[in-house]
Structure formats: structure tokens, C-alpha cells
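**Q** Here is what each chain is made of, one letter per residue.
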Amino acid sequence: MRISAIALNTFREAVRDRILYSILAFALLLIGASAILASLSIGQEGRIIKDLGLASSSLFGAFIAIFLGIGLVFKEIERRTIYAIIAKPIHRFQFLLGKYIGLVLTLLVTVGMMALLVVGLAWAIDGYWTPGLLAAAALDFIALMIVTAVALLFSTFTTPTLSAIFALGVFLIGRLSGDLKIFADQFAGLGLRIIVNGIYLVLPDLSRFQIGSRVVNALPLDSADVTWTVLYGLAYILMLLFLAIGIFQRRDFK
Amino acid sequence: MMSGGFLRPNRIALIAILLCLGLLLGAVIPLHRTGKNGRSTPVEEGSWLFLPPAALRVASFGFHNVAADVVWLLAIQYIGSHISTDRKLSELFRMVDTVVTLDPHFVEAYTLGALFMNYSGGNVPGAIALLERGAKANPTRWEPPYNLARTYYLDLRDYPKALHWFEVTDRMPGRPHYVPRFIARLYAATGHRETALELWRAMRDSAASDWVREIAEREIAKLEAEMQRPSGGGSR
Numbered sequence: 001m002r003i004s005a006i007a008l009n010t011f012r013e014a015v016r017d018r019i020l021y022s023i024l025a026f027a028l029l030l031i032g033a034s035a036i037l038a039s040l041s042i043g044q045e046g047r048i049i050k051d052l053g054l055a056s057s058s059l060f061g062a063f064i065a066i067f068l069g070i071g072l073v074f075k076e077i078e079r080r081t082i083y084a085i086i087a088k089p090i091h092r093f094q095f096l097l098g099k100y101i102g103l104v105l106t107l108l109v110t111v112g113m114m115a116l117l118v119v120g121l122a123w124a125i126d127g128y129w130t131p132g133l134l135a136a137a138a139l140d141f142i143a144l145m146i147v148t149a150v151a152l153l154f155s156t157f158t159t160p161t162l163s164a165i166f167a168l169g170v171f172l173i174g175r176l177s178g179d180l181k182i183f184a185d186q187f188a189g190l191g192l193r194i195i196v197n198g199i200y201l202v203l204p205d206l207s208r209f210q211i212g213s214r215v216v217n218a219l220p221l222d223s224a225d226v227t228w229t230v231l232y233g234l235a236y237i238l239m240l241l242f243l244a245i246g247i248f249q250r251r252d253f254k
Numbered sequence: 001m002m003s004g005g006f007l008r009p010n011r012i013a014l015i016a017i018l019l020c021l022g023l024l025l026g027a028v029i030p031l032h033r034t035g036k037n038g039r040s041t042p043v044e045e046g047s048w049l050f051l052p053p054a055a056l057r058v059a060s061f062g063f064h065n066v067a068a069d070v071v072w073l074l075a076i077q078y079i080g081s082h083i084s085t086d087r088k089l090s091e092l093f094r095m096v097d098t099v100v101t102l103d104p105h106f107v108e109a110y111t112l113g114a115l116f117m118n119y120s121g122g123n124v125p126g127a128i129a130l131l132e133r134g135a136k137a138n139p140t141r142w143e144p145p146y147n148l149a150r151t152y153y154l155d156l157r158d159y160p161k162a163l164h165w166f167e168v169t170d171r172m173p174g175r176p177h178y179v180p181r182f183i184a185r186l187y188a189a190t191g192h193r194e195t196a197l198e199l200w201r202a203m204r205d206s207a208a209s210d211w212v213r214e215i216a217e218r219e220i221a222k223l224e225a226e227m228q229r230p231s232g233g234g235s236r
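Residue numbers (the numbering used here), protein chains in the order written: chain A, 1 to 254; chain B, 1 to 236.
Because the hints were derived from the structure by calculation, they are not lab data.
Check the hints yourself; a few may be wrong.
What the hints assert, rightly or not - Chain B stretches covered by chain A per the calculated footprint, using a threshold of three residues with CB under 8 Å from any CB of chain A:
no.	segment
1	24-30
2	52-61
3	70-80
4	156-168
5	207-221
What the hints assert, rightly or not - Partner residues aside, some chain A positions facing chain B, computed with beta carbon under 7 Å:
no.	residue
6	Ile42
7	Gly46
8	Ile48
9	Asp179
10	Asn217
11	Leu221
The C-beta atom is built at its ideal place from N, Cα and C for all residues, glycine as well.
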């Protein structure tokens, strides 16, 4: 009950944020503009719209997660509203979870809008409906939930600027991790390979949430792999939230 | 004192916007047009260098498909700028190689890339290598083996290999309905020109772009002219 109240309040606060609308407007414009770019291809209009649409949704979704997520806790501390909240009969973990769920709700609405636009444009161009696009957007949404949790984690102990840099770094490394592992396995020496594999295992592997390539190329999806990926994502989110709660619980606001 | 005069706050915003537009139209755009430095170098000058495909894969931060699409669009611009002029497509193999390294399942890049490499660039070995790579990376798609069969049949006249690739195509889901007919023709050793004509007509009828249709029509006209000559038979 307390968590849902904080979550709804965070959602309301987020949808009033101008940053959200700026990023969303830019994303929708880019997805719309992909239809013009697609006309330059030879019979590949649908493919380009789907690729660019899914990539825009992922990239701008991450920007929303990061730029709204980094201020979640910091703003409360800066405005000193945190004192009023923690003085109430509410646990700190409830406050943090409410903040997280509120931002995830905001992301759900924005990513959902972007995904629907991509699906609609692809339908208009191809003349048929590609349900796989929604599966790709849903899996990418879980990746964005991880990015949100990362932003929230940094938001509990550092400034928004540093949080943004760290969260963006984790997002980029997470997207690259699959490629980095392949390169390390192929080219690197033993020492470097151990280090890269260590980083690969600890940092989130966001590349495994990208099934857009399979959907766009009409390749079948491995349902077992998708299930394991969803479970991996949820486990990673829980791990980050526990870490954030641990740090936030020990934080001294006096 | 100023607030009641010409420079009232609400007018300042309007004046600033008008000045901004005036500068854009009167100065920025005309001055932009005079600049010679920093213009993008045409592809054919050879200074157009991609990162190696593997490095581009990393530099795209996991957005491999978008990177592949961008290089594909550049490749199309490159084809378009040469197809009606010198027909030299020396950079095309490298471009398509980059596209399919970024997205190995981009089947149309293999088939269209090979088609232009072959019929506009005259690079048959390059087209065969590209299609074989496409067939290996996409073992459930009929397009690469079908294009291999057609290339072996029409350009290299290597009938055993053409037959092999038509038979591979025949096992794939979604393959064109006329593939078994070509297999039968090859087994029956039907005249080369008739079979070639049918292959080109099939390609013309299924072409998704005018460029491909033009290639097919050009080859059909060539074959029909050959067949109308007194010595022109259907011998194989």
C-alpha cells in the first residue's frame, strides 16, 4: 500500500518532467523519420523501420531510465523532503521500491508508445502484422528495467552527474558485453581473458535481451533461451535493488 | 522607461525570433553554401574508409542491425552513382562484406549485393563467394542457394553445380514454385537459352526494384536477340 502510494506519486512526478517529453518527442520523431530513410533502400523499407524503431526505443528508453532515475533519491535529499518521508511510519526499502516501481511504470508507458508506433509503421509498410516486434520490445523493456535499477543504485550514494556517467557506462558496456567476450576469447591472452570474462559475468549482459535481429530477419525464437533471459533479467534487477536498499538503509541523513 | 516603448518584453521575444530567422535565411544558409572544406568526400575517390567490419561491430555498441542498415544504404547510394555511369563497383564487395558481418542474417544484402557485383561490376567470383557465405549463415533460407544455382547456370554454365544448388533450394521452405521445373530441365538437358530465358523472366517478375528489373530485361532482350538469329538454337 505504502509502496504503491510512493510509486504512483513518482509516476505522476515523472510524467510532469520536461526531460521525459523532450526525449520522448525526439524518439518518436526519429522513429517517424525512419520511414523517410527507409524509402532510400531497395525493397528493405520494413526492415529499416523495424531496426531503427527498436534501436530508438532501446536508446531513448535508456536515456529516460538514466536521466529520470539518477534524480530519484537525490532530488528528495536536495529538497529535504526525505526528512519528512523517513519520519513517517515507512521503511526506507519501501520508499526505494516505490520510487523504482514508479519509474518503471513511466518507462512502460513511454516504451509502449514507441513500440506501438514501430509496430504500426511496420504494418503500414509491410502490409502484415509482426507480433515478434512486441516480444522484442518486451525483452528490451526488461533490459531497461536493469538500467533503471543501476541508475537508482548510483542515485542512493552519489551525485546525479556521476550517477549518469556510471549508469550510461554500464548501459554501453552491457550492450557490448557479448561482443567483448567473443573478442577476448578469440584474441586476448590468458590474463586479459580472465579479466574480461570476470567483467562479463558481473556486469549485466544487455546484449542477450536484443532479439530484434532475429525478429527482423524472420528467424525463429528459442523460447527456452527467452525464458532464461527473462529470469536472468529479473534476478539481476533484484540483486541491484537489494544492493541499493543495503546502501540506502545505512545512509545517514542527519 | 523602456517597458512602455518599442522594446516591451513581449516584443523582444518576437524581435529575437525574427532576427534569428533573418540570420538563418540571410547569412547562415548563404554562407554555408560558400564553404568548400568539410564536405563529404565522394565514395569513388577511395578515401572512403570503413573501420574493419569486426571493429565496426564493436563501435556500434550492440546496435548491429542499425549499423548494417546504414552501411547498406551507403552501398545503395554507391551502386546508384555507378550503375548508370562507369559500372565500376570496386568498393561494393567490401561494403556488402561489412553489412553481412554486422548482420549475417541480412539475406537481401547477399542476394542483391551478388547481383550487382555480377551484372554491373562483372565480379562473378565475388558474387559466388558472397552467396556461399549467405547460404552457410542462413541454412533455412532459399534465396542464397537459388541465386547460386542461377549464377552457376547462367554465368559459369557449370550445370552440375547449378543442379546441386537447385536441389538444395528445393528442400527449403518457401522456395519458388518453379524450382522443380528447373531441376527437371537440367536432368532432361533442355536447351540452355530456353532455360536461361525462363530464369530471367522469373527474376523480372519477382523483382522488388527497378534496378533488378532492368538487369533482367536487359538479359532477356540479349537472349531473345540471340535466339532470333538464324544460327541461334537452343543447344546446350
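**Q** With reference to the structure, classify each hint as holding or not holding.
**A** Each hint, compared with the structure:
Taking a C-beta to C-beta cut-off of 8 Å, the segment 24-30 of chain B contributes 0 residues in contact with chain A, too few for the three needed, and the coverage statement is violated. Residues of the segment 52-61 of chain B with a Cβ under 8 Å from some Cβ of chain A number 4, which satisfies the need for three, so the listed coverage holds. Counting residues of the segment 70-80 of chain B whose beta carbon lies closer than 8 Å to any beta carbon of chain A gives 4, which reaches the threshold of three, so the coverage claim holds. Only when three residues or more bring their CB closer than 8 Å to a CB of chain A does the claim for the segment 156-168 of chain B stand; here the count is 0, and the claim is violated.
Under the rule that three or more residues need a Cβ within less than 8 Å of chain A, the assignment of the segment 207-221 of chain B holds, with 4 such residues. With a least beta-carbon distance of about 4 Å to chain B, the hint placing Ile42 (chain A) at the interface is held under the 7 Å criterion. Contact between Gly46 (chain A) and chain B, as hinted, is not supported at the beta carbon level, the nearest pair being about 11 Å apart and thus beyond 7 Å. For Ile48 (chain A), the suggested interface contact is upheld, since its CB lies about 5 Å from the closest CB of chain B, less than 7 Å.
Given hint, Asp179 (chain A) at the interface with chain B, holds; its Cβ is 5 Å from that chain's nearest Cβ, closer than 7 Å. Using the Cβ-Cβ criterion of 7 Å, the hint placing Asn217 (chain A) at the interface with chain B is satisfied: the shortest such distance is roughly 4 Å. Interface restraint check: Leu221 (chain A) against chain B, minimum CB-CB distance 13 Å, threshold 7 Å, status violated.
The structure fails hints 1, 4, 7, 11 (numbered hints given earlier, in ascending order).
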